[in-house]
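Two independent chains are provided; combine them into the complex using the hints.
Just so you know, the protein sequences line up as chains L and C, in that order.
So for the first sequence, our numbering puts the first residue at 1; every next one is plus one.
So for the second sequence, our numbering puts the first residue at 1; every next one is plus one.
Take the hints with a grain of salt, since some may be wrong.
[As the list claims (entries may be wrong)] Here are some chain C residues pointing at chain L (derived, C-beta under 8 Å):
| id | residue |
| --- | --- |
| 1 | Phe65 |
| 2 | Gln83 |
| 3 | Glu103 |
| 4 | Gly109 |
[Claimed, not checked] DSBU-like mimics (lysine-lysine), calculated; alpha carbons at most 35 Å apart, straight line:
| id | chain 1 | residue 1 | chain 2 | residue 2 |
| --- | --- | --- | --- | --- |
| 5 | L | Lys57 | L | Lys98 |
| 6 | C | Lys57 | C | Lys15 |
| 7 | C | Lys11 | C | Lys57 |
| 8 | C | Lys57 | C | Lys17 |
| 9 | L | Lys98 | L | Lys68 |
| 10 | L | Lys98 | C | Lys57 |
| 11 | L | Lys68 | C | Lys15 |
| 12 | L | Lys81 | L | Lys98 |
| 13 | L | Lys81 | C | Lys11 |
| 14 | C | Lys17 | L | Lys81 |
| 15 | L | Lys76 | L | Lys98 |
| 16 | L | Lys81 | L | Lys57 |
| 17 | C | Lys17 | L | Lys98 |
| 18 | L | Lys57 | L | Lys76 |
| 19 | L | Lys81 | L | Lys68 |
| 20 | C | Lys57 | L | Lys68 |
| 21 | L | Lys57 | L | Lys68 |
No wet-lab data here; the hints were simulated from the structure.
Nothing here was measured: the structure is a model prediction, and the numbers come from that model.
No residue lacks a Cβ here, since even glycine has one placed at the ideal position from N, Cα and C.
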Amino acid sequence: GQNIDQPTEMTATEGAIVQINCTYQTSGFNGLFWYQQHAGEAPTFLSYNVLDGLEEKGRFSSFLSRSKGYSYLLLKELQMKDSASYLCAAKYMDSSYKLIFGSGTRLLVRP
Amino acid sequence: GAGVSQSPSNKVTEKGKDVELRCDPISGHTALYWYRQRLGQGLEFLIYFQGNSAPDKSGLPSDRFSAERTGESVSTLTIQRTQQEDSAVYLCASSLDHTPGYEQYFGPGTRLTVT
Numbered sequence: 001g002q003n004i005d006q007p008t009e010m011t012a013t014e015g016a017i018v019q020i021n022c023t024y025q026t027s028g029f030n031g032l033f034w035y036q037q038h039a040g041e042a043p044t045f046l047s048y049n050v051l052d053g054l055e056e057k058g059r060f061s062s063f064l065s066r067s068k069g070y071s072y073l074l075l076k077e078l079q080m081k082d083s084a085s086y087l088c089a090a091k092y093m094d095s096s097y098k099l100i101f102g103s104g105t106r107l108l109v110r111p
Numbered sequence: 001g002a003g004v005s006q007s008p009s010n011k012v013t014e015k016g017k018d019v020e021l022r023c024d025p026i027s028g029h030t031a032l033y034w035y036r037q038r039l040g041q042g043l044e045f046l047i048y049f050q051g052n053s054a055p056d057k058s059g060l061p062s063d064r065f066s067a068e069r070t071g072e073s074v075s076t077l078t079i080q081r082t083q084q085e086d087s088a089v090y091l092c093a094s095s096l097d098h099t100p101g102y103e104q105y106f107g108p109g110t111r112l113t114v115t
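Next up, chain C with everything else stripped away, as it sits in the complex (with noise of 0.2 Å):
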């Protein structure tokens, strides 16, 4: 079936303009995140959406940044007034669920460049 999906693939932005990726997680999967991987680097937590329960906002970097999910289907993350070190891979990831030991699907993320 499909896997999970990223758009855009990248997206080159001024510094100072407001960006948007958006996420389409594989269907049925309840548990959707995002993560950021800057250049040689591992991947940095941001948010995490489960269901209809209040999402976990506790790694996005500062205001700036905000998610939303509708229901269990897609998720946009925006950033505002980005930021040169906003620079990296958006990654987005979905799993059936979020106990241990489901394995996180990933997308193939989104390039962000701020010049």
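Chain L extracted, bound-state conformation (with noise of 0.2 Å):
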């Protein structure tokens, strides 16, 4: 299988920085994406890495390691809104457009 694994829930102060991280199965891997989703909305899309190193976009970063099969996403200044859950999804060389979603990770956003 093609297993994403990331944690369930994490919780955090407004103003400060959170990191959450993905594993994923290297054989095959293709790239991979971060997005966001508050409650009851749709996906939106933060990030896409597919080669070593961090890419960042303002109060949010990327991070990937093709060879650990590990990416985190990192938020700075965290603000309330950041409440959501954020997905990690990774694509694989046997299928150019199917990406396998990780269960997400709920953050709360504390004051």
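Structure, rendered in structure tokens:
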């Protein structure tokens, strides 16, 4: 199988930094996406990594290590509106289009 | 411009009835996907359409599920003889292309409840 693992829930404080980890199977791996999903809403795209390293986009950054099968999403200067589920999804070479999603990490930002 | 739209937003149906869910992708997007999301779970791939190519139906959970797409426009997902385990949010997404890196844009979903 192509299991994607991420923590179920995390809690953090407004203004702080939080790191959400995701692990995946490396065989045939071809890219990793992060999506944000507020309760009752559609997922929205945050980032895409295919090469090793850190990609920064404002308060959000995403990191990938292909050899370790590991990615993380880093959220800085947390705001209350960042409370949402964060979905990690991987692509594999056996399918150029199919995304394999993790179950999502529910992040609660507290004042 | 307009995003992906889906209808209805909510559907309550009795067990055994058929339902039809509709998706309008973003204009010009050749790729269209259907996903199912059970409560507290991630997204489960159901079916993929790309232009006029044969669809990838490998994610459909049973032969009660079927989907159609006319060209590069509207798609419908049909569930026949609904069961309680079909209760979920059904999400549709479209993308400009299927190649890696092209992000998928999601619709708001249809919440299906089978009683």
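Against the structure, the hints come out as follows:
1. Phe65: The hint is violated - C:Phe65 has no Cβ within 8 Å of chain L, the shortest such distance being about 17 Å.
2. Gln83: 22 Å, violated
3. Glu103: 4 Å, holds
4. Gly109: 6 Å, holds
5. L:Lys57 <-> L:Lys98: Roughly 25 Å separates the two Cα atoms, so the pair holds.
6. C:Lys57 <-> C:Lys15: 24 Å, holds
7. C:Lys11 <-> C:Lys57: Holds, at about 23 Å.
8. C:Lys57 <-> C:Lys17: Roughly 22 Å separates the two Cα atoms, so the pair holds.
9. L:Lys98 <-> L:Lys68: 22 Å, holds
10. L:Lys98 <-> C:Lys57: 11 Å, holds
11. L:Lys68 <-> C:Lys15: 46 Å, violated
12. L:Lys81 <-> L:Lys98: Holds, at about 29 Å.
13. L:Lys81 <-> C:Lys11: 28 Å, holds
14. C:Lys17 <-> L:Lys81: 39 Å, violated
15. L:Lys76 <-> L:Lys98: Roughly 30 Å separates the two Cα atoms, so the pair holds.
16. L:Lys81 <-> L:Lys57: 17 Å, holds
17. C:Lys17 <-> L:Lys98: 30 Å, holds
18. L:Lys57 <-> L:Lys76: 11 Å, holds
19. L:Lys81 <-> L:Lys68: 31 Å, holds
20. C:Lys57 <-> L:Lys68: 32 Å, holds
21. L:Lys57 <-> L:Lys68: Holds. L:Lys57 to L:Lys68 sits at ~23 Å (cutoff 35 Å).
Violated hints for the displayed structure, listed by number in ascending order: 1, 2, 11, 14.
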